[in-house]
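There are 2 protein chains.
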Amino acid sequence: MTTDTLSTKDKILQAAAEIAKEVGPVHLSLDAVARRAGLSKGGLLYTFPTKAKLLEALVEQHVSEFDESLRREEAARNHGPNSVVLACIAVYRAEFVCNEPEPSGILAAIANDPGFLEPIRRYNKQLLQRMRDNAEDPTLAMMVFLTIEGLRSLKLFEMGLLSKAEQIAAIDRLKNLFEPADPEMADVPVPA
Amino acid sequence: MTTDTLSTKDKILQAAAEIAKEVGPVHLSLDAVARRAGLSKGGLLYTFPTKAKLLEALVEQHVSEFDESLRREEAARNHGPNSVVLACIAVYRAEFVCNEPEPSGILAAIANDPGFLEPIRRYNKQLLQRMRDNAEDPTLAMMVFLTIEGLRSLKLFEMGLLSKAEQIAAIDRLKNLFEPADPEMADVPVPA
DNA sequence: TGTACTGTACCGTCCGGACGGTAATGTCAA
DNA sequence: TTGACATTACCGTCCGGACGGTACAGTACA
Chain B
0 MTTDTLSTKD KILQAAAEIA KEVGPVHLSL DAVARRAGLS KGGLLYTFPT KAKLLEALVE
60 QHVSEFDESL RREEAARNHG PNSVVLACIA VYRAEFVCNE PEPSGILAAI ANDPGFLEPI
120 RRYNKQLLQR MRDNAEDPTL AMMVFLTIEG LRSLKLFEMG LLSKAEQIAA IDRLKNLFEP
180 ADPEMADVPV PA
Chain L
0 MTTDTLSTKD KILQAAAEIA KEVGPVHLSL DAVARRAGLS KGGLLYTFPT KAKLLEALVE
60 QHVSEFDESL RREEAARNHG PNSVVLACIA VYRAEFVCNE PEPSGILAAI ANDPGFLEPI
120 RRYNKQLLQR MRDNAEDPTL AMMVFLTIEG LRSLKLFEMG LLSKAEQIAA IDRLKNLFEP
180 ADPEMADVPV PA
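Taken in order, these protein sequences are the chains called B and L.
Quick note: the first sequence, position 169, residue 168 per numbering that gives the first Met the number 0, numbers continuous.
Quick note: the second sequence, position 24, residue 23 per numbering that gives the first Met the number 0, numbers continuous.
To be clear, the hints were calculated from the coordinates, so they are not data collected in a lab.
Just so you know, not all the hints are guaranteed correct.
Just so you know, same-sequence chains aren't split out, so a pair can sit in one copy or run between any two.
As the list claims (entries may be wrong) - With a Cα cut of at most 30 Å, we get these calculated BS3-like pairs of lysine-lysine:
#1 K40 <-> K124
#2 K10 <-> K50
#3 K154 <-> K50
#4 K174 <-> K154
Given these sequences and hints, build the entire structure.
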């Protein structure tokens, strides 16, 4: 039951993200989503009673998926110093290596109603705080956050500026800023 | 005449960006833009014969404004080494200090038609190339590009994560990576 | 017997865009 | 310098279509 529901939900969510990406959030219609997801409009409205609920789910899905991965990576690092920053880098690296699709759904949600930014704002605020509190060099943590945000943005808008290798190199260089055993080296970047 | 025309155009462009920001790009209607810009729908359609043309102008305006500022800053640095990166940082810093509004218009354009990403993609590709070619440390140039992109993204989505002071500090720290007279220090960040 | 849909028909609203004006200003030739 | 026409910069109205959402009858599986 739950599995079936989730599966249908996921199909819808995926369809919505795809359509938003293809034709732009403005032209994301429930009819098109239903068609792509392989069910009727009635069925779609049965699962998500309004368009707003669908968009909300799109945002929720993305944030909670990221958070789950992050917590897992943090735990794997025993919540030690810099674990939040490193976990964040690891999650982004993984979702990048696994070729996860860009979250066009979020864009669609925001385009429909800027109010959907609020939960994301809240989450990011709290995340950045945790990154800094847990990092040995808070300023550097902020720089990492910004760089990842830059990579994310490039991905979100499908700018094909950097090759996969370049992006992974950037991520790994970021990681190296934190991982050297010698703490005095923590804010010295490795040479190119 | 021309001044009047430009003024009307600018009023429309500004109105469109404001509305997009307030109600979301999806709900950006020509009627609303006309109302906000203080003219009739007919007058609006006279200035921009289609909605697509309006959105195109929104994108064009933003890109060309940035490019003009950039070229100016580059020239001020006599096109010497690192001048592109430094100019880029300076432009972003200036438009940030001057409290320029976030370019919600671009979001609106993209939301209407992802095709509007293409010119931006092209511009960014060429910009990044120029940054690297002109920089003493191309990898570091890329990192700067990503960090600025991160700050941009934060601004675009109005995440109020970093205080003004923090953002300026981040920008200036970025600048310091390139500006020290001693070239051997070029990729060592100043301590926080 | 109910949960999870399908399929269809329909309603009200909104929107982009076309169109037909019009008033003010400019141009130019007789 | 005046009358004829052109251009610019708008106004107000209308329409076809799309979209979100409702309602409801039917169906298939468990």
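So, going through the hints one by one against the coordinates:
Taking the closest pair of Cα atoms, K40 and K124 never come within 30 Å of each other, the shortest separation being 37 Å inside a single copy and 41 Å across copies. Taking the shortest Cα distances, K10 and K50 sit within 30 Å of each other inside one copy (15 Å), while across copies they are farther apart (32 Å). Within a single copy, K154 and K50 get their C-alpha atoms as close as 25 Å, and across copies as close as 27 Å, so both meet the 30 Å cut-off. When the C-alpha separation of K174 and K154 is checked against a cutoff of 30 Å, the pair qualifies both within a copy, at 19 Å, and between copies, at 25 Å.
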